[in-house]
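Chain order of the listed sequences is R and Y.
Counting in my numbering, the first sequence runs from 1 upward without gaps.
Counting in my numbering, the second sequence runs from 1 upward without gaps.
Since the hints were made in silico from the structure, they are not lab data.
Predicted model only: the values in this text are computed from it and were never measured.
Warning: the hint list may mix true and false statements.
[Claimed, not checked] Beta-carbon label-pair distances, calculated as ranges:
| # | chain 1 | residue 1 | chain 2 | residue 2 | range |
| --- | --- | --- | --- | --- | --- |
| 1 | R | L13 | Y | R52 | 25 to 35 angstroms |
| 2 | Y | P66 | R | L169 | 25 to 35 angstroms |
| 3 | R | L15 | Y | R94 | 29 to 39 angstroms |
| 4 | Y | P108 | R | A152 | 22 to 32 angstroms |
| 5 | Y | A107 | R | T205 | 24 to 34 angstroms |
| 6 | R | G165 | Y | N7 | 41 to 51 angstroms |
[What the hints assert, rightly or not] Examples of chain Y residues lying across from chain R (beta carbon under 8 angstroms, computed):
| # | residue |
| --- | --- |
| 7 | T4 |
| 8 | R6 |
| 9 | I21 |
| 10 | F26 |
| 11 | Y31 |
| 12 | A35 |
| 13 | T46 |
| 14 | I59 |
| 15 | R62 |
| 16 | D67 |
| 17 | T69 |
We treat Cβ as the ideally placed atom computed from N, Cα and C, and that holds for glycine.
Residues per chain, in single letters:
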Amino acid sequence: MLLAAKLLAFHALWLRKRTGFEPPFLPFFPSLDHPAVVALWPWLLGIVFGAGIVLLAFNLAPRLGAAGVGSALLLDLLASRIRYSNNTLFFDLLLLIIALSGPHDVRRVGLRAQIALLYAGAAINKLFLPDWHSGQFFRFWSHDVLQLEWFATLDQKWGAGFSIGMSWLTIVFELVLAVLVCRPRYTRLFVALALAFHVGILFYTGGVFSWIFLRVMLVAYLGLLDGPVGAPAVASAGTPFWRLLLAWPESERDWRGWLVWACFPVWWFLRFR
Amino acid sequence: MKATWRNFALAVLLGAQVIGIAAARFGPERYFCWAPYDEITRFELTVTIDGRRLSAEEIQARYRLPDPTRDNRSYANVIAVIAQFERTYGAADRARVEFRYRVNGGAPQQWHWPLSSAAGPHAP
Chain R
1 MLLAAKLLAF HALWLRKRTG FEPPFLPFFP SLDHPAVVAL WPWLLGIVFG AGIVLLAFNL
61 APRLGAAGVG SALLLDLLAS RIRYSNNTLF FDLLLLIIAL SGPHDVRRVG LRAQIALLYA
121 GAAINKLFLP DWHSGQFFRF WSHDVLQLEW FATLDQKWGA GFSIGMSWLT IVFELVLAVL
181 VCRPRYTRLF VALALAFHVG ILFYTGGVFS WIFLRVMLVA YLGLLDGPVG APAVASAGTP
241 FWRLLLAWPE SERDWRGWLV WACFPVWWFL RFR
Chain Y
1 MKATWRNFAL AVLLGAQVIG IAAARFGPER YFCWAPYDEI TRFELTVTID GRRLSAEEIQ
61 ARYRLPDPTR DNRSYANVIA VIAQFERTYG AADRARVEFR YRVNGGAPQQ WHWPLSSAAG
121 PHAP
């Protein structure tokens, strides 16, 4: 959980190293358009974000730090309709959920509920759209937006059947993922299916869709791994600086630690996509 | 942070999303309800101020839309941006906006600002 929070926070820091926070523009709450708020907003969010990064990065108060970074990012999203995106919202909420997960939440209830809501919401929204029932969305997306040549061949061969099949497959997949993530005993199956789902979308779209989402989801899955949830024990005086920064516990040198860190180069690679 | 407050905050965060998903059933906007790529809208915007038609660059500078021709959540999200801008920052300009759009390649539709001139069927 701590590593997941740090990856998210460092990613946010990387994205904002040049731009920082901007004043509200077309906010969801009109009161944010007040001139005083507009003037102070970037500074306020910058201070909360910066303090959060320091608290999290150096394990001074990781949970409070994650709350600070997540709150600043969520407030930034609420300050502008044009900055809204599902990726960003999920990213911000993950940090807050990690911050709010109690020290005894070994089953990761909050994180599981968040991921379940994401997949269930996506499935429910699709279930209510006629264009998903008829396959029209899939056909338009594949043929006109992505301009997949092989789709035209399949469309000619199978007619609307392929688009309808893919639409319902997507809805069913999302519903199954929403159910599976709620059952801790099926965590491995959930992660395997979810990765297959997102990587499948990447292959289908020829790599133009879902890189960012896959990256954020990888961090979310990282949070589901077994391991300590609470704040780390106070490090001994001789603990090297890099261990504190990377949240690398001195006692944990089993295969799970290496597995977690093997994800890091993958995440790093995805960051530049 | 005490467990009670943590649990309360967690419940608020998750509960707000449940409300967002439910609220999406009663309107066309798709914010806070986890609807990524549920419908794709291709659109064209025409903005006229004092009889002068704004260029594509001027329209982009005005509304700052991430993509000036396409939206991947809902046409109503674009309408919400335009309507809020014209009600607030751009109210003094008295702009006339024509928003022509097609959802998932379907039939062409239009929405106009100000609403009184030709209110569309899905005015936010």
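Taking the hints in turn, this is what the structure says about them:
Between L13/R and R52/Y the C-beta distance comes to about 43 angstroms, which lies outside the given range of 25 to 35 angstroms. P66/Y and L169/R have their C-beta atoms about 29 angstroms apart, which keeps the hinted 25 to 35 angstroms range intact. Separated by about 38 angstroms at the C-beta atoms, L15/R and R94/Y satisfy the suggested range of 29 to 39 angstroms. At roughly 23 angstroms, the beta-carbon separation of P108/Y and A152/R lies within the given 22 to 32 angstroms, and the hint holds.
Checking the proposed 24 to 34 angstroms range against A107/Y and T205/R shows it holds: the Cβ atoms sit about 26 angstroms from each other. Take G165/R and N7/Y: their Cβ atoms lie about 42 angstroms apart, and the range 41 to 51 angstroms holds. Restraint check, T4/Y versus chain R: the minimum CB separation of about 10 angstroms is more than 8 angstroms; hint violated. For R6/Y, the interface hint holds, since its Cβ comes within 8 angstroms of a Cβ in chain R; the closest pair sits about 5 angstroms apart.
Given the 8 angstroms rule on beta carbons, the hint for I21/Y holds: about 4 angstroms separates it from the nearest Cβ of chain R. Annotation: F26/Y was flagged as interfacial toward chain R, and the flag is violated, the nearest CB pair being 11 angstroms apart, outside 8 angstroms. A least Cβ separation of about 6 angstroms between Y31/Y and chain R falls short of the 8 angstroms threshold, and the interface hint therefore holds. Checking A35/Y against chain R: minimum C-beta separation of about 4 angstroms stays under 8 angstroms; hint holds.
The closest approach between the C-beta of T46/Y and any C-beta of chain R is roughly 19 angstroms, which is over the 8 angstroms cut-off, so the hint fails. Taking 8 angstroms as the C-beta cut-off, the interface hint given for I59/Y is violated, the closest approach to chain R being about 13 angstroms. Because the closest C-beta pair between R62/Y and chain R is about 11 angstroms apart, greater than 8 angstroms, the hint is violated. Interface hint at D67/Y: violated, since its Cβ lies 10 angstroms from the closest Cβ of chain R, which is beyond the 8 angstroms cut-off.
Checking T69/Y against chain R by beta carbon gives a least distance of about 11 angstroms; that is not within 8 angstroms, so the hint is violated.
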